[in-house]
Amino acid sequence: MAHPLQELVHKGWVWQGHDAAEQLASDQLVDTGWPELNRRLGGGWLRGALHELQVQHNFQGELAFLMPVLSAQQKPCLWINPPAQPYWPGLHYQQLQQAPLWLQENDPKRALWAFEQALQSASLGVIVAWLPTVDASAVRRLQQAASRHQQLAFILTPWQQQQEARAYVNRLQLQWQQQQLQVAVVKRRAGWPLPPFPCPVTGHLPERRRRFA
Amino acid sequence: MSRDKLWWYLALPQLLLDEQLSLQSEIQRQQPQVLCRSDGQRARTVVQANTAARHAGVKLGMAEVTASTLVPELQQRTYDEQREEQVLQRLAQWLHQDIAQIALYPPQGLLLEVDDLQRLYGDYAGVQRQLARRLARVAVGYQIAAGYSPLVARILAQVPQLSFEPMRAAKSELLEKLRQVPLRFALLPAAQQQQLENVGIQCLGDLLQLPVGELGARFGRAMVAYVAELQGELLPPQRYYRPPLKFSERLDLMTEVASWQQLLFPLRRLLQQLEAFLQSRQLSVVRFTLLAHHRDQSQTPVRIAFALPLWRQREMQQLVQLQLERQQLATPALELSLRADAFQAREVTATSWLPAQQDATAQRAEQQQLQALLGKLQARLGTAAVQQAQAQNDWRPEAAQQWQTDLQTAKAPSQGLPRPLWLLPEPEAIAVHEWQLQWGPERIQTGWWDGEGVLRDYFIAVDALDRQGWIFRSHEEWYLHGWFS
Numbered sequence: 001m002a003h004p005l006q007e008l009v010h011k012g013w014v015w016q017g018h019d020a021a022e023q024l025a026s027d028q029l030v031d032t033g034w035p036e037l038n039r040r041l042g043g044g045w046l047r048g049a050l051h052e053l054q055v056q057h058n059f060q061g062e063l064a065f066l067m068p069v070l071s072a073q074q075k076p077c078l079w080i081n082p083p084a085q086p087y088w089p090g091l092h093y094q095q096l097q098q099a100p101l102w103l104q105e106n107d108p109k110r111a112l113w114a115f116e117q118a119l120q121s122a123s124l125g126v127i128v129a130w131l132p133t134v135d136a137s138a139v140r141r142l143q144q145a146a147s148r149h150q151q152l153a154f155i156l157t158p159w160q161q162q163q164e165a166r167a168y169v170n171r172l173q174l175q176w177q178q179q180q181l182q183v184a185v186v187k188r189r190a191g192w193p194l195p196p197f198p199c200p201v202t203g204h205l206p207e208r209r210r211r212f213a
Numbered sequence: 001m002s003r004d005k006l007w008w009y010l011a012l013p014q015l016l017l018d019e020q021l022s023l024q025s026e027i028q029r030q031q032p033q034v035l036c037r038s039d040g041q042r043a044r045t046v047v048q049a050n051t052a053a054r055h056a057g058v059k060l061g062m063a064e065v066t067a068s069t070l071v072p073e074l075q076q077r078t079y080d081e082q083r084e085e086q087v088l089q090r091l092a093q094w095l096h097q098d099i100a101q102i103a104l105y106p107p108q109g110l111l112l113e114v115d116d117l118q119r120l121y122g123d124y125a126g127v128q129r130q131l132a133r134r135l136a137r138v139a140v141g142y143q144i145a146a147g148y149s150p151l152v153a154r155i156l157a158q159v160p161q162l163s164f165e166p167m168r169a170a171k172s173e174l175l176e177k178l179r180q181v182p183l184r185f186a187l188l189p190a191a192q193q194q195q196l197e198n199v200g201i202q203c204l205g206d207l208l209q210l211p212v213g214e215l216g217a218r219f220g221r222a223m224v225a226y227v228a229e230l231q232g233e234l235l236p237p238q239r240y241y242r243p244p245l246k247f248s249e250r251l252d253l254m255t256e257v258a259s260w261q262q263l264l265f266p267l268r269r270l271l272q273q274l275e276a277f278l279q280s281r282q283l284s285v286v287r288f289t290l291l292a293h294h295r296d297q298s299q300t301p302v303r304i305a306f307a308l309p310l311w312r313q314r315e316m317q318q319l320v321q322l323q324l325e326r327q328q329l330a331t332p333a334l335e336l337s338l339r340a341d342a343f344q345a346r347e348v349t350a351t352s353w354l355p356a357q358q359d360a361t362a363q364r365a366e367q368q369q370l371q372a373l374l375g376k377l378q379a380r381l382g383t384a385a386v387q388q389a390q391a392q393n394d395w396r397p398e399a400a401q402q403w404q405t406d407l408q409t410a411k412a413p414s415q416g417l418p419r420p421l422w423l424l425p426e427p428e429a430i431a432v433h434e435w436q437l438q439w440g441p442e443r444i445q446t447g448w449w450d451g452e453g454v455l456r457d458y459f460i461a462v463d464a465l466d467r468q469g470w471i472f473r474s475h476e477e478w479y480l481h482g483w484f485s
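Chains as they are written, first to last, in UniProt numbering: chain E, 1 to 213; chain Y, 1 to 485.
You can trust all of the hints, since none of them are fake.
Distance windows between CB atoms, simulated: (1) Y:Gln-28 x E:His-10: 53 to 61 Å; (2) Y:Pro-301 x E:Gln-162: 51 to 59 Å; (3) Y:Arg-281 x E:Lys-109: 39 to 47 Å; (4) E:Asp-31 x Y:Pro-244: 55 to 63 Å; (5) E:Leu-29 x Y:Lys-246: 51 to 59 Å; (6) E:Arg-148 x Y:Gln-328: 34 to 42 Å; (7) E:His-10 x Y:Gln-404: 50 to 58 Å; (8) Y:Asp-341 x E:Asp-31: 44 to 52 Å.
Interface residues of chain E toward chain Y, partial, derived using beta-carbon atoms under 8 Å: (9) Gly-90; (10) Leu-91; (11) Ala-99; (12) Trp-102; (13) Gln-104; (14) Arg-110; (15) Gln-117; (16) Ser-123; (17) Trp-176; (18) Leu-205.
No wet-lab data here; the hints were simulated from the structure.
For glycine and all other residues, C-beta sits at the position ideal for the given N, C-alpha and C.
Using the sequences and the hints, build the whole thing.
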């Protein structure tokens, strides 16, 4: 008689870690712009996926962190409910190619609807959404839409104390410490969470003067 | 055998009522309904009646009082000739998709010149099939007859039980039928008809037997011309229908409707009309106005705009539906109308096999997809919900970009200056001692010509959370204007 676990595998209730991860072609991965992060995420951002970035405070380097992937896009990117207005002269100075599309919708349900519509269109580059709370079913829905239409999308959301399970492909936690952006991997494909590492985003920021102690 | 050219005449004896019925639900349609008209001092008489009313014994020409006594639950409305003429125009426009030469015979008839269409549809039977298919979609009762002259077709189409199938009959056959037509269907002015009856002429056959010279002497030139038309020797020129370049249609809702949601079904009809209008001209539309007409003659307009040119009813309906979801109808509507007067020629979207052009085509297709997405989002969330930045030549930071709701080829900013990635909607007053200045100042002094002059010294500074902000001093006050990260 087969091992009881075998039955569960047949039913698709249990996956074996190694087969899911390896069948990725390199064109399904998008360079994050940070070699260290690429290594940690198994090659880069997965296309057709939703990634979560938890930020401690807004404007602490998260946009600089996303700049490499945003400026690699030929198509315009959609920004949903950003915390301030995207400033095209500054973005252009950081080599963004297309002026951003800015969507502001205060009703969370309609914002999610717009997000889903955007995921279904092949005409956008990356979609970045700032959402304070997203429940599990919404994430699953968005993740499915992203995967079906091979779209790359990010959700920026505040730090969460206790981690509830969500269908994101990658979940990262961003924190500014010791004048550097610390990036912790909370969840990733086929791997354990990883402790924070400093990400050199300062190249996309004005040079800092040494702080007078 | 040289065949004679044929005209077809479409008689629509119940046009207005049919139109009204087609907007009603199945149950409403089962109710007996009539349209009445009063001519002069005489009592109002029934001019159009639906099947239910006829079954109940109502006859055309019956006095309204008699009819309502006969059928107490009878619904009566006043016949409006102008309204019927509008319906006829609309029908002509609908048929214009297939048939180019249509002459209006208001209020209830259309003359179609179908001779040239034989080549397209094979023969008259083919034309007839196509016509029947078109007419089936508008649910209107009609009688159709062919004639070797417009007049003959008109006469034959009115005679009950005489409208007959062979739409390509030979002249001799038609003439034979014509001879049996009683004089009251002859379409003659009442005075002339009376004159003929006075001399004992009962049907058109009697008239045709008389020598033309004698007719002219007794009844005048008009009668000679009439007989010549009957015989097909005189074919007066027709004024053919030219579709208007504006689209304006109005729908009677029959009952008061309290919300836009309930208007979606009647709206489909208007959009179908619009599609037909656009299709026959190879045009597309990007905006139009919907008007809800209220009982007190006032109107509620709703402007509908699409991010990309459309012409298909289904696509338009989807977007209009999204836009109407945001709308409230303050007072119930009695009628709905749609007006469009700005159209665009359609663009060819054929793919090219030249590689260079393929790229351009792909780009265009992408642009269109983006337009479509934007259209959908703006339809549901409002036009201002989605915007794209456009760089402006202005030194004032807040004026250096403008948000626009329609896509254009984005201009890149010309100034290569370090600028923040974020800009606050309004500069925010700050306490400067909480900030540590790092770089600056950059003085911006401009705009004195338009009364919104600024004199600011900008600094890059970090706040307590070590975030890099863009702050400025103006009139000894400090403000935060943007963020760098």
